[in-house]
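Chemist: Here's the letter readout for the chains.
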Amino acid sequence: MIAIKLTINGRAVEANVEPRMHLADFLREHLNLTATHLRCEQGACGACTLLIDGQPARSCIIYAVLCDGAEITTLEGLENDSVIVALRRSFSVEHGLQCGYCTPGMLVTARDIVSRLPDADAARIRIELSGNLCRCTGYVGIVRAISRVLDERRRGALGQVMRREPALGPVGARSAARQPRERSFSGD
Amino acid sequence: MAEFGVGASVVRKEDDRFLRGRGQYVGDFRIAGAREVAFVRSPVAHARLKHIHIPEQFRGSVFTAEHLTGAKPIISAPPLKGFKYSVQPVLAKEKMRYVGEMIAMCVAETRAQAEDIADAIRIDFEELPAVTDMLAACWPASPLVHEEWGDNIFIEFSENGPIEDIARTAAIKVTRSIRTARHCMFPMEGRGVIAFRDARLRNLTLITSTQFPHSVQTGLSECLGLEHGNIRVISPDVGGGFGYKGLLCPEEVALGWLAMQVDYPVRWLEDCREHLAANANCREHHYEITGYATADGKLLGIDCIGHVDAGAYSSYPISSAPEAAQIANLLPGPYVFSTYRCRSHAVATNKCPIIPYRGVARSGVCLAIETVMDAIARAAEIEPHEVRLRNMVLPEQMPFDNVVGKHFDSGDHPQCLRRAVEAIRLHDIRARQKQPEPDGRLIGVGLSFFVEQGAHGTSVLAAWGRPIVPGYEQANVRLTADGEVEIHVGTHSHGQGHETTYAQVAHEILGVPFEKIKVIQGDTLYTPYSTATWGSRSMVHGGGAVARASRLLAKRAAHIGAWLLQADAAKAHVANGKVIAGNSSVTLREVARAWYLQPQNLPAEVDTGGLEVTAGYRAERDSGTFTYATHAAVVAVDPMTGLIEILDYVVVEDGGTLVNPLIVDGQICGGTAQGIGTCLYEETPFDAQGQPLASTMLDYMLPGAPEVPDIRVLHMQTPSPYTEFGIKGLGEGGAVGPPAAIISAVNDALRPLGVEVHNLPLAPQRILAAIAASRRPNP
Numbered sequence: 036m037i038a039i040k041l042t043i044n045g046r047a048v049e050a051n052v053e054p055r056m057h058l059a060d061f062l063r064e065h066l067n068l069t070a071t072h073l074r075c076e077q078g079a080c081g082a083c084t085l086l087i088d089g090q091p092a093r094s095c096i097i098y099a100v101l102c103d104g105a106e107i108t109t110l111e112g113l114e115n116d117s118v119i120v121a122l123r124r125s126f127s128v129e130h131g132l133q134c135g136y137c138t139p140g141m142l143v144t145a146r147d148i149v150s151r152l153p154d155a156d157a158a159r160i161r162i163e164l165s166g167n168l169c170r171c172t173g174y175v176g177i178v179r180a181i182s183r184v185l186d187e188r189r190r191g192a193l194g195q196v197m198r199r200e201p202a203l204g205p206v207g208a209r210s211a212a213r214q215p216r217e218r219s220f221s222g223d
Numbered sequence: 142m143a144e145f146g147v148g149a150s151v152v153r154k155e156d157d158r159f160l161r162g163r164g165q166y167v168g169d170f171r172i173a174g175a176r177e178v179a180f181v182r183s184p185v186a187h188a189r190l191k192h193i194h195i196p197e198q199f200r201g202s203v204f205t206a207e208h209l210t211g212a213k214p215i216i217s218a219p220p221l222k223g224f225k226y227s228v229q230p231v232l233a234k235e236k237m238r239y240v241g242e243m244i245a246m247c248v249a250e251t252r253a254q255a256e257d258i259a260d261a262i263r264i265d266f267e268e269l270p271a272v273t274d275m276l277a278a279c280w281p282a283s284p285l286v287h288e289e290w291g292d293n294i295f296i297e298f299s300e301n302g303p304i305e306d307i308a309r310t311a312a313i314k315v316t317r318s319i320r321t322a323r324h325c326m327f328p329m330e331g332r333g334v335i336a337f338r339d340a341r342l343r344n345l346t347l348i349t350s351t352q353f354p355h356s357v358q359t360g361l362s363e364c365l366g367l368e369h370g371n372i373r374v375i376s377p378d379v380g381g382g383f384g385y386k387g388l389l390c391p392e393e394v395a396l397g398w399l400a401m402q403v404d405y406p407v408r409w410l411e412d413c414r415e416h417l418a419a420n421a422n423c424r425e426h427h428y429e430i431t432g433y434a435t436a437d438g439k440l441l442g443i444d445c446i447g448h449v450d451a452g453a454y455s456s457y458p459i460s461s462a463p464e465a466a467q468i469a470n471l472l473p474g475p476y477v478f479s480t481y482r483c484r485s486h487a488v489a490t491n492k493c494p495i496i497p498y499r500g501v502a503r504s505g506v507c508l509a510i511e512t513v514m515d516a517i518a519r520a521a522e523i524e525p526h527e528v529r530l531r532n533m534v535l536p537e538q539m540p541f542d543n544v545v546g547k548h549f550d551s552g553d554h555p556q557c558l559r560r561a562v563e564a565i566r567l568h569d570i571r572a573r574q575k576q577p578e579p580d581g582r583l584i585g586v587g588l589s590f591f592v593e594q595g596a597h598g599t600s601v602l603a604a605w606g607r608p609i610v611p612g613y614e615q616a617n618v619r620l621t622a623d624g625e626v627e628i629h630v631g632t633h634s635h636g637q638g639h640e641t642t643y644a645q646v647a648h649e650i651l652g653v654p655f656e657k658i659k660v661i662q663g664d665t666l667y668t669p670y671s672t673a674t675w676g677s678r679s680m681v682h683g684g685g686a687v688a689r690a691s692r693l694l695a696k697r698a699a700h701i702g703a704w705l706l707q708a709d710a711a712k713a714h715v716a717n718g719k720v721i722a723g724n725s726s727v728t729l730r731e732v733a734r735a736w737y738l739q740p741q742n743l744p745a746e747v748d749t750g751g752l753e754v755t756a757g758y759r760a761e762r763d764s765g766t767f768t769y770a771t772h773a774a775v776v777a778v779d780p781m782t783g784l785i786e787i788l789d790y791v792v793v794e795d796g797g798t799l800v801n802p803l804i805v806d807g808q809i810c811g812g813t814a815q816g817i818g819t820c821l822y823e824e825t826p827f828d829a830q831g832q833p834l835a836s837t838m839l840d841y842m843l844p845g846a847p848e849v850p851d852i853r854v855l856h857m858q859t860p861s862p863y864t865e866f867g868i869k870g871l872g873e874g875g876a877v878g879p880p881a882a883i884i885s886a887v888n889d890a891l892r893p894l895g896v897e898v899h900n901l902p903l904a905p906q907r908i909l910a911a912i913a914a915s916r917r918p919n920p
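In order, the protein sequences belong to chains A and B. Heads up: the first sequence runs through residues 36 to 223, numbered per the numbering used here. Heads up: the second sequence runs through residues 142 to 920, numbered per the numbering used here.
Some hints could be false.
[Said to hold, decoys possible] Stretch-level coverage of chain A by chain B, calculated; a stretch enters the list once three of its residues show a Cβ under 8 Å from a Cβ in chain B:
no.: 1; segment: 56-70
no.: 2; segment: 125-132
no.: 3; segment: 173-182
Derived by calculation from the structure, the hints in this document are not laboratory data. No residue lacks a Cβ here, since even glycine has one placed at the ideal position from N, Cα and C.
Pulled out of the complex, with its shape left as it was, chain B reads as follows (with noise of 0.2 Å):
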């Protein structure tokens, strides 16, 4: 392994200037002349908008959607049978349907003058009854979001396997019901949108913070009116994204229209309410789930009835459907079984549009599956972790296509299970728990096992029903004429560190000083077009193409390299930053001189392409790759005030080939840092008339240092057969798999007591309230 190629601990590229203040966001910005935009947002979350006050002086500041001509609203229309499509206005006309919906947007010198203008307009509206569950949203008598759907149901999924022949015979017969929280995603920076026209490229520029800003072009093209050619988008430094800028929001729909028709640029940056009330809301699933086994736990088959609350409207490009389809399709999850019956649902609800956060349902649909899994440990007498043993693919069965037809590529399954229990030490736990704790806390260990399918292909994606579906990922790969290696990609690091591991791949490759390649990202001017940085794709779809493009640069520098050794070119290859034939060799930089500076030496048949290459690459086999893990957790619970500690934390995973290994932890410990936010701390609860509850840092609960243990990460590497290298995807994974794992060992914790507890998260007053409830007398 080379000091900073594929494999290698490299620290990374970007660091140096995050950790002097110079990382650019977008509210790092100076763009002369700026005015600023505040919006105003509906107070009610389902009303008839009757009429908007703008007083006398304000006129001209103040856009509402009357002023909103040509720009059409956002329709996310997957080409799914029977998906209902909602209509998204850009500013609220007509109707309003979640707390936070757009409807004025005021623009000023300064953001508090903005602010003022947004206080001085008043809003006539007729309230109407709000829809704030999911499952009373199915009723047929209630409230409809869209009243011309008829329902409140986006889509619906299903499997159907014939569930009824084992129910009669089955041993063990388990049944959950299980809810997620709604809850935010609060990425460090906020949204931010600055938009412009710019004269000399005749294009309307944005620069906004975005995991994928050729789908933001895409997405103006469609509401603007414009073709791609006269959108530029800019994604500077993002501030942390995980799915919240997965998507085309409202505001940089707002903000390009504006741009167009003044004379002056234009900026919004988000406020931290904004984005608790009525931008970031996320995961709120219910799950009823029966599981039946064998009486020594084999399990035989799953039932399941899931519900997604996907909010007043599904965002662009896809929001409402994917968590329902991953339901349906993911909930199986590792497990070796025959018959599956599901039904998931994507409910329309008045609150804002949920969004695919970090793992999107799987962090859920882990919950699910691996709650039945324990369920059915207990019923057969068994250890959690031997019931999984049972039911699990064996290394010699891969790859293996599952009750889905989901094919795992490669691992090795119980392996990774055995080698978290040890490192959990599950038998000290159990001699532990023997004996009662002096401080009165009941203490339980837990388990959560799971596969992440990442890196979806064409195939995959374009099943589940994405109306931008990725193709071949690009990159271009140049040799500069100083022998220096620039690569341009169209996926967008928000965190992950694609300045560094890129060029590790394209080291690997060319062999060219690592500090001497560069990265460039984030701009639609310089960059292939892309559908970005989501669902754990960037390394093997983005880090597949600079290899191939690398490849092919290498072959045809070698070309050049042999003409100038006056060697054969078919015997020249390129290693160490050289073109080498037999004992000779010369330089990248001599070829890249001669190719850009003295091509009266470059053979008369060079190719004409030069040094510069773009590829494109699709994994082999486009049906993702299967990350695994066992998550594994040791919690105190105490039976007093309901309060949970982690005690211990390991994660063991296997995600192929690493690139990047100190990343990759990075990756996992951030991962299940927020999947511990979701299961202990984070919810934006809802009151019955749809008004968001927590709106300050005051309600709104995240995970800081204290919370989160010392989370130890032990590492599995099986390359995938189908990848470049034998990468896999791991983004999501470590949010994955947290909510199950802790609530599994918050179960056992309080076992003693018959209880057990379902609803996340697992804020004291509820685990209080479920050892009070196990206490009352049955009536």
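The shape of chain A in the complex, shown without the other chains (with noise of 0.2 Å):
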């Protein structure tokens, strides 16, 4: 059992996890955070996809003990983040979920592209949601679930939503940068 100190959706979190415990069984099985959802367990699928230090990051591959110091957010993290409750509204309207399952890791994709592509077209947006499988609706509701958030972000409808901060290095880079404790790394 190896001790970590990590930011969970904002919360200090400590722990003792086995080096083997990839990040989201430790999230799901020692912290019942269960919007987190696991298929492929290959770096696949993109079920598990959440937010490592603000990235979109694939919980399945990535060990617990490796995000010693990071800052994780799963979807119940974002519930009231602007751009997932635009998007909330539009994946209903446009029937971009059908099981659900593929869901919360296709939200987070989704908001990075919201938050990172504001003139995505279409076609864009197909090829960033290539890490991200659905089975159900075949992309085409989820598709224009997206389009319709990048719309209302033309037109300003979603308030001031924040560019995604430059990527800081390996996981857990940036908030040891801002607390520094033992840890090496060579960070930018």
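Take the two lone chains and join them into the complex the hints point to.
Modeler: Take a look at the structure:
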């Protein structure tokens, strides 16, 4: 067991975890944060997508112990995020979900697209979605839902959408940079 | 049309919890003290099991067939003449018959520890020659999957029209060999099971991701020797099914058995490798098909030999027979012709059992017949849609019985086809094809037309030999003491949105505010027995039952309401959530208060059943509804790389009265994406020893957003004359049309090169090989 300290959805968490436990299992089994779904556990399907230090990432192919010092945000932590609120509405109106299993990962990726690519058209949205599989919708409703929120953003209806901060280096680097601790990394 | 009634594109009730990550799937339940299960699975396709070595320290944590006393094997025994049934041990005994077959069950605190135990177990076996090809499996010298059978044929179906009579005289004869690939189903949520004993209710409880909780209950009852009343099956939110969760899986029996032996709950969640390599195979067919036609393309007859690679066992309640049965009796498709001969075979091989995937055999069947129609069009030198138009049922002929007695209930087939031809802009594509493309690619346009028999009733499924035959689908509809509506159904949504559509049906009849209507499903303790959700049946049968129960409930409420209004009960009716009699009305809420809280106000001769009705429904004719559709595709094929891009895709579909067009579009687009996967990407190849070669996501390709076009869906709505509201089943059709439409377009594109392809998936290497073969000089 290895002791880790990290921030999850804005809360400080300390835990002892097995080195072989991946982040998604840690969130689901230890913290009961079950919005993060697991399917392939091979980094291919995107169902477990969440934010590590603000960046979309697959929680099935990173060990929890490697997230020591990181800021993790799951869909539960984005409940009141303005882009997610808009996406919830548009996914429902455009029928961008059926069984709901890919949905949390899809929303995290969709939020990234809306935040990072204000001018994305449908073709670009599809390329950006290539890391998230859905087996129910045929993606048609998902692409329309994201386009709709991008339209809202371009009209200024979402208020100020934060552009994603640039990557700073390895996982946990940003919070480590803010609160120096014993840790070696080569940032930036 | 009411804002939330039948026909309205109502936004779904279930969305909010899913969009907040609060869906509750099997893996999300937390049961105190639960331990985890990992399975040891067969590393080989065919072998005699000699010995299982369990290290001393793990005895007590490992269970094998030797321990599984009292658990019967899984047997699917359809009452079909000549059917050879397979005996599928829950854990392998004596023989292993496919890679991934379960041999031992390992239990530990965590899954990782359970897998450590599984890794420590050694299996001694004597390998046998594997049966890996369905055609070779039929040769007399083939090794046998089940020695006691004497051959490898589960069952044969045949139709025996006098084809020789027309073969002699037909001006056009076209023959094609077609092979569809074995592939996986891959719902986003895999299977998962939690099993424990409930001391309070004195039952074995399974929380399992299934499309049909009651059939799992019946299957467990047979295998574990427990009465139905001692088994409770809960199927919570289900993360996609597509047929994969429409059978009893051996893991459900194994965990059910284990929970009866130990004093802690147990859990198993399928991992991706188990899914890809061991559990989910579908679609593997072969057709040798000949079409006969007149010189101007009028179809005279079809002659076909079909094979289905059904894998090692027939799953419960049934998996091996239906695909071969469907080949025999769905192959004639929508067309009018007189002479039909077909022999279809369900063949056993050393692969995991085939499972009926969305559309079951229809996707392959549609590909086979439509390939023949394209070939006839070429021979007759007419447009592919023209040959189809010449062989279609006309609207004035509806209802129509085809050559095998399929009863098409309603529709205008030619209009559907014409609308698709127009929408895909066939004329423009033909003009474009006259000029070379700047990028050197070849453009092709193709289409498929099919009928989708859905919502099959009792007689059809009894004839197909389904061991559990659906009868009267039941719904329980009740008014609560607040005048809200609760609907209990035995069907189970796994993405189709029944919580919304059933509520729309009840709202249409009772007029209770849509948000006050709640649908309860997925628990054998609280729902009427049902064969549940598969075969595009829920909206027709389940929706029909909700309608019928709601009407009976309205009658009872009207009786009480009329009494409260001091009006004539015969003149009272329910609308807009009220009982109305002449100019006066009373809300259903007040009626409910009278029944539940103020019974002193009830009429003396009140129906003592109260404000709760369970009613059964069966369509007026139970031969099924016939949704039909045209799929049309434009593709670009790169002859240098073999890559195919779909440039445009149109679906024109008539699914009868649409309860919720938004949801219908989702079903069609989702099915179409899966059909695109079947056609272009998905394949689980096996080597000569029966090893599955696509056991990771690196090897197994699923269509992602960039591969799926913006599918355009156009609707027609011809009600079925036989069902409530004229609803037809349509959940599967999306997946049926794409292989035929896309291959038609690809062959159209390859036509200048003199190349035709007929084997799925149309992977680049297959396209390139076909082009290369055509360039080789004939010997």
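Chemist: Hints the structure violates: just list their numbers, smallest first.
Modeler: none
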